[in-house]
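2 protein chains.
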Amino acid sequence: MRTFITAISIGVALQASAIGITSPSGDIVLNVDVDASGVPIYSVDYKGKNLVSDSRLGLTADETSFADGFRIESVDTVTVDRSWEPVWGEYSTVRDHFKELAVNLKADNPERALTLRFRVFDDGLGFRYELPVQKGPNYLTLRGENTQFNYTDDHKLYCIPGDYDTDEYLFSETTFSGLPEALNSYRRHSEAQRTGGNTIQTPMLLKTGDGVYVNMHEAALDGYPAMLLDVDTENYDMTSHLVPDRLGVSAYLQLPFNTPWRTLIISDDARDILASQLVLNLNEPCAIEDTSWIKPMKFVGVWWEMFTGNQKTWAYSDDHLARPGETDYTKLTPNGRHPANTDNVKKYIDFAAENGIDGVLVEGWNEGWEDWASYRKNRQFLFDAPYPDFDLPLLRDYAKEKGVKLIMHHETAANAADYALQLDRAFQFMKDNNYDAVKTGYVGAIIPRSEHHTSQWMVDHARDVIERAADYQIMVDSHEAPRPTGLCRTYPNWLAQESARGGEFESMGGNPPSHTCILPFTRLKGGPMDYTPGLFQTDLSYYGEGKTDKAGTTLARQLALYLTMPSPIQMACDLPENYNRFPDAFQFIKDVPVDWSDSKYLEAEPNKYITVARRDKHSDDWYVGAITDGNARTALIDFSFLPKGEKYEATIYEDAPDANWETNPQAYRIRKVKVDSRTRLKQHLAPGGGAAIRVVPLK
Amino acid sequence: MRTFITAISIGVALQASAIGITSPSGDIVLNVDVDASGVPIYSVDYKGKNLVSDSRLGLTADETSFADGFRIESVDTVTVDRSWEPVWGEYSTVRDHFKELAVNLKADNPERALTLRFRVFDDGLGFRYELPVQKGPNYLTLRGENTQFNYTDDHKLYCIPGDYDTDEYLFSETTFSGLPEALNSYRRHSEAQRTGGNTIQTPMLLKTGDGVYVNMHEAALDGYPAMLLDVDTENYDMTSHLVPDRLGVSAYLQLPFNTPWRTLIISDDARDILASQLVLNLNEPCAIEDTSWIKPMKFVGVWWEMFTGNQKTWAYSDDHLARPGETDYTKLTPNGRHPANTDNVKKYIDFAAENGIDGVLVEGWNEGWEDWASYRKNRQFLFDAPYPDFDLPLLRDYAKEKGVKLIMHHETAANAADYALQLDRAFQFMKDNNYDAVKTGYVGAIIPRSEHHTSQWMVDHARDVIERAADYQIMVDSHEAPRPTGLCRTYPNWLAQESARGGEFESMGGNPPSHTCILPFTRLKGGPMDYTPGLFQTDLSYYGEGKTDKAGTTLARQLALYLTMPSPIQMACDLPENYNRFPDAFQFIKDVPVDWSDSKYLEAEPNKYITVARRDKHSDDWYVGAITDGNARTALIDFSFLPKGEKYEATIYEDAPDANWETNPQAYRIRKVKVDSRTRLKQHLAPGGGAAIRVVPLK
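Quick note, the sequences are listed as chains A and B, same order.
Each residue of the first sequence is one higher than the last, beginning at 9 in this note's numbering.
Each residue of the second sequence is one higher than the last, beginning at 9 in this note's numbering.
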């Protein structure tokens with residue numbers, strides 16, 4: 009990491025009264041004060057207009073309150089301009105440029121101290137609570153955080169329902185006043201512990217009538233529960249709602265303690281929201297010294313077969329009372345519908361090797377899948393016990409010979425306690441068998457039974473797993489874990505997470521085309537998503553057996569997702585046989601990188617469209633992806649990001665004129681055109697469609 | 009294990025009505041029936057008198073009830089007479105002789121099946137519920153078990169208060185009708201989650217007006233919560249009370265499932281209660297194939313120093329906010345009162361080597377002791393991070409050179425979840441540093457926060473730890489774990505547990521002399537206790553600094569405890585300097601074995617006195633221990649257990665005539681006498697006193 013710092017620290021002792029700082033550009037103005045009751049308050053203006061009006065700040069614990077009675081003891085300000093180089097990501101260098109204001113608060117009777125630290129960037133701001141060692145209690149049983157975000161009008165909201173255990177929802181596009189109806193329209197998710205009231209989750213997006221976009225989320229969630237938002241739909245206010253454990257406690261804190269950063273990414277240009285690295289900037293630098301083993305990758309896998317309606321299963325047997333570790337799987341009657349078997353996995357390895365795909369994920373390889381009574385037993389899976397039809401030594405050697413990496417799968421059935429007990433053995437077993445990456449899963453209700461998926465203990469568990477994985481030089485792609493908050497900067501072996509409604513839902517109700525037009529504005533601001541793009545057979549009735557799902561996408565759009573949903577670990581989710589039916593289109597998946605030196609967001613509007621260009625980290629090639637919602641669209645692709653005077657050949661993977669996600673999804677064309685920095689390309693996108701372009705310098 | 013079996017199995021189909029079997033001797037008669045509502049009931053007679061009158065049996069779960077509507081479908085009976093050889097214990101061979109009755113129950117609407125399995129021995133009985141795979145639900149969310157024990161009169165009870173989290177209480181000697189007052193007399197234990205009502209714990213002892221003794225406990229507690237007893241003090245009934253988790257669920261069960269055995273050890277001779285191996289007999293055979301590494305042992309340790317009132321601490325520093333893994337302990341200011349330091353530990357190693365003591369326990373060697381805010385943080389201790397003043401490589405090599413084994417200490421602060429996460433590393437760290445045994449501790453409120461010390465998850469955790477330890481060939485002495493139920497037969501690396509008010513309380517309020525006269529009748533029926541005998545400096549005012557505690561014991565009695573409190577791992581708890589003040593008495597601790605080929609209980613009355621003789625497993629030497637309560641007593645030691653005609657020399661360590669636990673505890677004498685099988689020795693025991701005798705064949 010290279011760092012350039014220009015820092016000026018000013019300590020000012022104050023008697024009272026408001027303090028303000030601005031963003032480096034001056035567009036964002038932050039004011040902080042305490043009110044007559046000593047309650048800390050803040051407000052935010054953007055380009056001369058109030059965005060967040062006076063909003064209260066505070067924490068409440070059983071032992072004491074940090075909510076009122078404060079006076080401003082002193083303030084510290086500093087300006088920082090530095091940059092850092094991520095191990096992987098959208099940019100090879102990230103600028104971290106902000107003005108910082110630390111407001112040191114004191115209270116008497118009882119004595120309390122609290123620092124509010126704000127960082128104002130050109131693209132938004134973050135703030136956190138810092139609790140120094142106190143004269144009073146230094147352990148807090150935190151019941152809540154009262155962080156308000158008071159907006160001034162009935163803005164548009166893009167959000168999903170508040171939930172302690174899942175974020176696999178479609179987004180609503182609504183307003184403050186429309187939120188109750190929007191939330192009522194959700195059917196209760198089977199895993200969900202829906203909160204009462206008008207509660208929503210972050211990351212979410214807000215858009216004002218003036219066309220100002222605000223992404224609300226948090227950064228560096230560690231040792232603390234996830235934050236939901238309680239929405240006052242009449243006064244246009246939001247208040248933090250910390251996920252409690254099942255006993256009602258939000259967090260156990262030992263001081264000194266800093267909360268996660270509460271973040272607002274702000275711009276009147278939607279493209280800036282997508283380009284923002286604010287959440288990463290508010291995370292700690294990389295904690296892993298040697299990162300040479302962290303390698304972005306593409307993979308195929310034994311996975312989608314279980315979603316195509318052909319009755320294939322993760323389980324080896326249909327005896328749902330089989331018990332891992334007690335059942336003799338070598339004698340259990342196999343169901344004959346278990347694709348995680350040696351012959352089938354060999355076919356995936358062959359396919360990966362032939363097409364330069366780095367890895368092969370295999371789900372359903374280990375004992376325990378027969379019985380999905382998660383939460384109801386204290387041992388569900390074994391992580392070092394392959395099923396008898398999965399010849400691990402053979403496959404390990406076969407994959408190695410073919411130059412392909414097997415990717416491990418650890419489904420825990422949400423028994424995080426049992427996973428912790430098996431963790432060292434599971435990771436050692438991986439290394440012994442030449443695995444470098446694992447996909448984890450937490451489907452079901454959490455054990456320890458005091459916990460939710462996003463309560464403090466589980467946040468700690470997720471970090472423990474990542475740290476332990478790093479000890480073994482293992483990369484992680486976690487599913488059903490607490491949604492990302494930029495911790496992948498600190499732990500770059502945390503390649504991706506699910507933490508949203510992913511591609512799998514194309515076989516369970518479908519994802520409308522707009523879904524991938526809102527995820528980059530919301531969920532992706534926390535970190536990469538394992539969305540599993542690359543679906544070529546989008547009409548699942550192809551598989552017969554009563555399946556009628558139609559994915560909300562054209563084939564060409566699936567290629568564009570590799571650009572619009574950036575991730576250092578990207579699946580090619582479909583079956584090899586489907587890729588073999590469309591080898592020319594599959595060529596794009598073979599070519600597209602997963603790590604970038606630069607990114608240019610060309611067009612963007614939430615829920616509607618995204619066009620982005622990215623430069624390969626390891627060549628001079630550029631790639632462009634464009635997607636639209638359910639409406640056809642003409643993307644205007646401005647190639648001025650190319651170096652002046654250089655000539656390129658663009659290979660365009662596009663929807664055919666008659667393509668349509670619903671009626672004609674597999675109609676695509678591939679054409680080549682010459683482009684340079686002066687090119688302005690009008691690119692047709694079908695309803696639910698997209699375009700993917702590879703741009704290669706002409707020699 | 010050698011096994012002799014005489015088994016006859018009889019399957020009988022019945023329409024209805026009572027079934028009875030007797031113990032092999034015929035003294036105990038068991039009757040089983042279903043009542044008019046189809047509720048299973050049983051009763052027990054002893055020597056022609058009713059002991060337990062008709063008592064209900066049943067289980068209740070959220071999914072269905074196993075409490076009524078039953079008919080007896082069939083019964084199976086079998087007589088078994090076999091024996092087995094424990095890895096260690098009071099006997100080299102244990103006879104397992106019983107008649108078994110399996111009552112197969114069926115119910116309609118909904119269909120349910122339940123087997124009640126009874127085993128009736130000459131010294132008592134056990135029974136359990138067996139839930140086969142059902143046509144109905146095969147997962148149960150168990151809310152309770154309704155096992156009644158209906159007694160017939162206001163019997164005497166020896167028991168401690170019901171508690172979900174601790175059993176470190178003094179015993180009450182009371183009656184059914186006196187129980188409420190007895191329970192009210194307890195001050196609330198700081199760690200205790202006292203249950204409401206007249207609830208008591210097992211193991212407990214009952215004595216009828218006819219002089220029949222009954223020990224009530226359970227055997228083979230695994231995958232199930234511990235059982236307390238709710239006492240109906242007016243009707244003299246008891247009902248099982250399963251420890252729930254903090255969400256109110258007793259157990260999550262997957263069928264088939266067998267509950268632990270509910271056990272009654274019954275005799276009109278108190279000595280039979282002490283001699284009974286019934287609880288071990290009801291446990292599964294040894295699950296560890298190679299047990300050669302399991303070695304009974306004696307040890308000294310850096311431990312009592314922290315109890316003697318001299319302000320010595322487990323912690324390296326007095327900074328109570330220090331955080332293991334985050335604090336730089338090499339820079340933290342040491343408090344200078346930390347006995348787990350290299351020089352001091354070397355002295356203990358020297359002492360052990362000089363005196364043939366096998367091991368040296370060191371408490372306070374690892375990071376984390378500064379901060380005892382257990383339950384309030386998710387990481388308390390590191391188990392592979394020695395304090396900077398504990399030079400582990402040096403001590404490892406020094407101990408090895410001296411032929412002494414260091415014993416590890418893992419205090420978890422009751423954070424079982426974090427211990428599970430660190431377990432493999434902790435055990436590997438032990439093996440890397442030549443440790444073979446660990447003392448575990450769970451002081452505080454349990455994490456996972458859904459759990460109690462004795463709820464189902466923690467019972468599973470304890471078994472997981474023992475199994476994992478066995479994988480590393482590590483022996484375990486667990487403190488604050490679920491009290492033992494004979495699982496040490498199955499896992500003989502589980503050498504001992506605390507699970508009662510131990511010797512440490514001599515510095516925290518004291519243990520009256522009667523305490524060790526009731527523990528063998530109660531707590532010890534589950535398995536060995538790490539009571540930590542060997543206290544020579546019993547008057548703690550010796551150490552000054554305001555300490556006034558006087559242990560309820562003479563010095564000679566402390567020697568007798570090595571016989572009356574048998575354990576394969578015995579501490580010599582006092583400071584080396586105190587042993588050096590009384591080298592002739594310490595000779596007994598050097599000599600006394602910890603593993604036996606035979607045991608003869610010569611005299612016994614609960615809360616009053618115990619006299620026992622044991623034969624060394626590895627020689628022809630016998631040892632005798634006799635203790636009394638607060639009253640002086642003359643023990644009558646009948647040496648007829650010696651082989652006829654053989655001559656022995658007995659070395660008697662006895663209270664001096666003027667010894668008294670309170671006023672003159674260190675007055676002891678050592679004398680030698682010749683004994684043979686005809687010797688009847690009248691042995692004086694002082695108030696709170698005892699005698700220990702080594703009996704060696706004359707060559």
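These aren't lab readings, by the way, just hints derived from the structure by calculation.
Glycine included, C-beta positions come from ideal geometry on N, C-alpha and C.
Among these hints, one or two may not hold up.
[Said to hold, decoys possible] Incomplete in silico selection of chain A near chain B, CB under 7 Å:
no.	residue
1	V86
2	P332
3	E334
4	A425
5	A453
6	R457
[What the hints assert, rightly or not] Here are the computed lysine-lysine pairs in the DSS-like style, where the Cα-Cα straight-line distance is at most 30 Å:
no.	chain 1	residue 1	chain 2	residue 2
7	B	K625	A	K385
8	A	K143	B	K339
9	A	K682	A	K608
10	B	K143	A	K385
11	B	K439	A	K439
12	B	K355	B	K320
13	B	K385	A	K114
14	A	K385	B	K655
15	A	K385	A	K320
16	A	K320	A	K55
17	A	K143	B	K320
18	A	K320	B	K355
19	B	K652	B	K625
* Asked: Looking back at the hints listed earlier, which ones does the structure fail to meet?
  -> The structure conflicts with hints 1, 2, 3, 5, 7, 14, 16, 18, although it agrees with all the remaining ones.
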